[in-house]
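Chains as they are written, first to last, in this note's numbering: chain A, 1 to 446; chain B, 1 to 246.
None of these hints come from the bench; they were simulated from the model.
Among these hints, one or two may not hold up.
Stated by the list, open to error - In silico DMTMM-like cross-links for lysine to aspartate or glutamate, where the CA-CA straight-line distance does not exceed 25 Å:
#: 1; chain 1: A; residue 1: 213; chain 2: A; residue 2: 303
#: 2; chain 1: A; residue 1: 217; chain 2: A; residue 2: 176
#: 3; chain 1: A; residue 1: 119; chain 2: B; residue 2: 74
#: 4; chain 1: B; residue 1: 220; chain 2: A; residue 2: 370
#: 5; chain 1: A; residue 1: 119; chain 2: B; residue 2: 101
#: 6; chain 1: B; residue 1: 56; chain 2: A; residue 2: 370
#: 7; chain 1: A; residue 1: 119; chain 2: B; residue 2: 140
#: 8; chain 1: A; residue 1: 268; chain 2: A; residue 2: 126
#: 9; chain 1: A; residue 1: 366; chain 2: B; residue 2: 240
#: 10; chain 1: B; residue 1: 94; chain 2: B; residue 2: 120
#: 11; chain 1: B; residue 1: 94; chain 2: B; residue 2: 163
#: 12; chain 1: A; residue 1: 268; chain 2: B; residue 2: 101
#: 13; chain 1: A; residue 1: 329; chain 2: A; residue 2: 359
#: 14; chain 1: B; residue 1: 232; chain 2: A; residue 2: 341
#: 15; chain 1: A; residue 1: 317; chain 2: A; residue 2: 224
#: 16; chain 1: A; residue 1: 213; chain 2: A; residue 2: 172
#: 17; chain 1: A; residue 1: 213; chain 2: A; residue 2: 224
#: 18; chain 1: B; residue 1: 220; chain 2: B; residue 2: 168
#: 19; chain 1: A; residue 1: 268; chain 2: B; residue 2: 74
#: 20; chain 1: A; residue 1: 119; chain 2: B; residue 2: 73
#: 21; chain 1: A; residue 1: 317; chain 2: A; residue 2: 327
#: 22; chain 1: A; residue 1: 328; chain 2: A; residue 2: 309
#: 23; chain 1: A; residue 1: 268; chain 2: B; residue 2: 122
#: 24; chain 1: A; residue 1: 329; chain 2: B; residue 2: 168
#: 25; chain 1: A; residue 1: 119; chain 2: A; residue 2: 276
#: 26; chain 1: A; residue 1: 119; chain 2: B; residue 2: 98
#: 27; chain 1: A; residue 1: 328; chain 2: A; residue 2: 126
#: 28; chain 1: B; residue 1: 94; chain 2: B; residue 2: 122
#: 29; chain 1: A; residue 1: 328; chain 2: A; residue 2: 341
#: 30; chain 1: A; residue 1: 217; chain 2: A; residue 2: 309
#: 31; chain 1: B; residue 1: 56; chain 2: B; residue 2: 240
#: 32; chain 1: A; residue 1: 268; chain 2: B; residue 2: 98
#: 33; chain 1: A; residue 1: 119; chain 2: B; residue 2: 163
#: 34; chain 1: A; residue 1: 329; chain 2: A; residue 2: 172
#: 35; chain 1: A; residue 1: 268; chain 2: B; residue 2: 127
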Amino acid sequence: MAQDVYAGSADTAEGRVFMVTGQDWDSITQGLEADELAEERVVVNMGPQHPSTHGVLRLILELDGETVTEARCGIGYLHTGIEKNMEYRSWVQGVTFCTRADYLSPFFNEATYVLGVEKLLGIEDEIPEKAQVMRVLLMELNRISSHLVAIATGGMEIGALTVMTIGFRERELVLDLFELITGLRMNHAFIRPGGVSQDLPPGALDEIRSFVKLMRKRLPEYADLCNANPIFKGRLEGVGHLDLAGCLALGLSGPILRSTGYPWDLRKTQPYCGYETYDFDVQTWDTSDSYGRFRIRLAEMWESLRLVEQAADRLAKLEGAPVMVADKKIAWPSQLAIGSDGLGNSLDHIRHIMGESMEALIHHFKLVTEGFRVPPGQAYVPIESPRGELGAHVVSDGGTRPFRAHFRDPSFTNLQATSVMSEGGMVADVIVAIASIDPVMGGVDR
Amino acid sequence: MTEENSNVPAQPDSAVPEELSDDASRGRRVESVGTRHGMFGVSGSGDTSGYGGLVKQTIFPGASQRPYGGWYDEVADALEARLKATDLAAAVEKVVVDRGEITFHVRRDDLPFVAQMFRDDESLRFEFCAGVSGVHYPGDTGRELHAVYHLLSMTYNRRVRLEVSVPDADPHIPSIVSIYPTNDWHERETYDMYGIVFDGHPALTRILMPDDWPGHPQRKDYPLGGIPVEYKGGTIPPPDQRRSYS
Numbered sequence: 001m002a003q004d005v006y007a008g009s010a011d012t013a014e015g016r017v018f019m020v021t022g023q024d025w026d027s028i029t030q031g032l033e034a035d036e037l038a039e040e041r042v043v044v045n046m047g048p049q050h051p052s053t054h055g056v057l058r059l060i061l062e063l064d065g066e067t068v069t070e071a072r073c074g075i076g077y078l079h080t081g082i083e084k085n086m087e088y089r090s091w092v093q094g095v096t097f098c099t100r101a102d103y104l105s106p107f108f109n110e111a112t113y114v115l116g117v118e119k120l121l122g123i124e125d126e127i128p129e130k131a132q133v134m135r136v137l138l139m140e141l142n143r144i145s146s147h148l149v150a151i152a153t154g155g156m157e158i159g160a161l162t163v164m165t166i167g168f169r170e171r172e173l174v175l176d177l178f179e180l181i182t183g184l185r186m187n188h189a190f191i192r193p194g195g196v197s198q199d200l201p202p203g204a205l206d207e208i209r210s211f212v213k214l215m216r217k218r219l220p221e222y223a224d225l226c227n228a229n230p231i232f233k234g235r236l237e238g239v240g241h242l243d244l245a246g247c248l249a250l251g252l253s254g255p256i257l258r259s260t261g262y263p264w265d266l267r268k269t270q271p272y273c274g275y276e277t278y279d280f281d282v283q284t285w286d287t288s289d290s291y292g293r294f295r296i297r298l299a300e301m302w303e304s305l306r307l308v309e310q311a312a313d314r315l316a317k318l319e320g321a322p323v324m325v326a327d328k329k330i331a332w333p334s335q336l337a338i339g340s341d342g343l344g345n346s347l348d349h350i351r352h353i354m355g356e357s358m359e360a361l362i363h364h365f366k367l368v369t370e371g372f373r374v375p376p377g378q379a380y381v382p383i384e385s386p387r388g389e390l391g392a393h394v395v396s397d398g399g400t401r402p403f404r405a406h407f408r409d410p411s412f413t414n415l416q417a418t419s420v421m422s423e424g425g426m427v428a429d430v431i432v433a434i435a436s437i438d439p440v441m442g443g444v445d446r
Numbered sequence: 001m002t003e004e005n006s007n008v009p010a011q012p013d014s015a016v017p018e019e020l021s022d023d024a025s026r027g028r029r030v031e032s033v034g035t036r037h038g039m040f041g042v043s044g045s046g047d048t049s050g051y052g053g054l055v056k057q058t059i060f061p062g063a064s065q066r067p068y069g070g071w072y073d074e075v076a077d078a079l080e081a082r083l084k085a086t087d088l089a090a091a092v093e094k095v096v097v098d099r100g101e102i103t104f105h106v107r108r109d110d111l112p113f114v115a116q117m118f119r120d121d122e123s124l125r126f127e128f129c130a131g132v133s134g135v136h137y138p139g140d141t142g143r144e145l146h147a148v149y150h151l152l153s154m155t156y157n158r159r160v161r162l163e164v165s166v167p168d169a170d171p172h173i174p175s176i177v178s179i180y181p182t183n184d185w186h187e188r189e190t191y192d193m194y195g196i197v198f199d200g201h202p203a204l205t206r207i208l209m210p211d212d213w214p215g216h217p218q219r220k221d222y223p224l225g226g227i228p229v230e231y232k233g234g235t236i237p238p239p240d241q242r243r244s245y246s
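Start from the sequences and build out the full structure, keeping to the hints where you can.
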């Protein structure tokens, strides 16, 4: 057999290793009783692939009885090389890759990358208003769907299955809206350098309004189910405690930081996409624990509904306005339209480039195959994703491809708090602490 | 197609174009991090456009002169005052203000001191570090590997960028995990992807790639990989071997 350079031998050098496959506890404990090595301290590998570890996360827990004495994370199982791949595609194609990083908040990945590219191009002031409003609309809908999953999976992990079923029920409604607006439920690649890829389809505003109306009826159900539920509170209160100093030292942001009572939200403090013109409040809690983070997420969904409503009102007044920058050297030339065989290239556009104008064809071909050039330099435009500060460090060398795109993903940074949140606590509380961090492994590993 | 029958003139690798050498003679450091040749990704006699002979320097925004404008000067003054009090007046190699962002290029040995100042000085107060991002510039001879730190002051609502450059042959940068503990995983990632060794890191091991992985994948000299895809009789090469528009 050929030597596999990537698979060295990995024999455990010391201690005894038990393979637990289920239904075999008797045989394992039998062997232990006579063993002098029997002791309370055990090292448990939880995952990768444990159902309650938010994706492919591996936890290495050292337990003394039921108490966790040491907790470490093993990550990298979902590393897909998104950053490296982006260096081999054009600036516009980069959106298609980064949207897949944190798959629960695709619009935020796209937005921070696109804002960085626009800063490098120096076209921040030329982005049409309608594109900015649509970005806000999509990001806030996305915040709702992301928080719903955080609450739903968090509930499932502590046995509150109803929270999970209703959470995914409502998320489905948001994904239906995404499908209506972008054509895809996830991985949209919809926010592009210069604007967004398409205008709103007819009827979308009505759907959004009826969704907001429905959510205002459904969200109180979560509060009724959980807020004062003694079991729910018993599992969450005081668990995963981390104060403000700890948060800043570890670079934590988002709901974890706000659960210490510090109202830091980039939408307010360093606004982008016109957030300064919207009316909404930053939600905080003062308990620094998992329960506070749950309440913040719940309250932020209400704020997002307010923002979605305001964005919808603005879009109603912006009918027919452009959604892409006017600069034809940057704007994507292709136009999509619904035909008899579904969504595809607009026949008018095809007629124009194939039958009417050679220059238009050349222009289309050059921009689609080669792409535009971005002046050399670097930019970092962080935004407030559902999990905290998400920023793309975008570097250009003047070419048609990103020279380097690095995503500072909040899941990656926040997951470092696992140890400090769970050491000294019970093993069951590790799950609650990690659920309150709400890591998404697609974003952690990229 | 061999090099002999190529109609593209020999490409002068180290030639500095006229307008740049002018800049260089005036003492301003030319921030060239590489050279691009040609235009359409064609080489050899396939290129009939004449653009194949094009040689273009990649010029990054150069050092800025005082005043930088706005709060940039306050930050620079506070830092300068601190550094002058010690014997590290030359710790900041240059300051670049570009596209509304300020970058301090820091000498690598002085990074921990400078970072400590940025965090603790009451007129700076950059409490939050958004991690470190590595960048590999193979054309920036003697400074191939850059580590870029983004700091945020929540007190003053400001952002600055620190940049440290080291040669590929000696890729060592002092760790700042003791100052910003959040950089623990970020430095491990940068080590994993670029091979920059952060001296003083508590446990500098790979984090995203397997422990026994050879090489550092995000360096420019590490191939992307991939296999050709066959479709309806045609073959599409992997992304890093396709024609690129340099």
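Hint-by-hint comparison with the structure:
1. A:213 x A:303: 14 Å, holds
2. A:217 x A:176: 18 Å, holds
3. A:119 x B:74: 24 Å, holds
4. B:220 x A:370: 21 Å, holds
5. A:119 x B:101: 10 Å, holds
6. B:56 x A:370: 18 Å, holds
7. A:119 x B:140: 24 Å, holds
8. A:268 x A:126: The given pair, whose Cα atoms are some 22 Å apart, holds under the 25 Å limit.
9. A:366 x B:240: With Cα atoms ~20 Å apart, residue 366 (chain A) and residue 240 (chain B) stay inside 25 Å; holds.
10. B:94 x B:120: At roughly 22 Å apart (the allowed maximum being 25 Å), residue 120 (chain B) and residue 94 (chain B) satisfy the hint.
11. B:94 x B:163: 10 Å, holds
12. A:268 x B:101: Status holds; Cα separation ~19 Å.
13. A:329 x A:359: 13 Å, holds
14. B:232 x A:341: 23 Å, holds
15. A:317 x A:224: This hinted pair is violated, its Cα atoms lying about 37 Å apart.
16. A:213 x A:172: 16 Å, holds
17. A:213 x A:224: 18 Å, holds
18. B:220 x B:168: 12 Å, holds
19. A:268 x B:74: Distance ~24 Å between residue 268 (chain A) and residue 74 (chain B) Cα, so the pair holds.
20. A:119 x B:73: 22 Å, holds
21. A:317 x A:327: 23 Å, holds
22. A:328 x A:309: 32 Å, violated
23. A:268 x B:122: Between residue 268 (chain A) and residue 122 (chain B) the Cα gap is close to 24 Å, so the pair holds against 25 Å.
24. A:329 x B:168: 37 Å, violated
25. A:119 x A:276: 18 Å, holds
26. A:119 x B:98: 10 Å, holds
27. A:328 x A:126: 12 Å, holds
28. B:94 x B:122: Holds, at roughly 23 Å.
29. A:328 x A:341: 29 Å, violated
30. A:217 x A:309: 15 Å, holds
31. B:56 x B:240: Holds - the C-alpha atoms of residue 240 (chain B) and residue 56 (chain B) are around 22 Å apart, at most 25 Å.
32. A:268 x B:98: 24 Å, holds
33. A:119 x B:163: Roughly 19 Å separates the two Cα atoms, so the pair holds.
34. A:329 x A:172: 38 Å, violated
35. A:268 x B:127: 18 Å, holds
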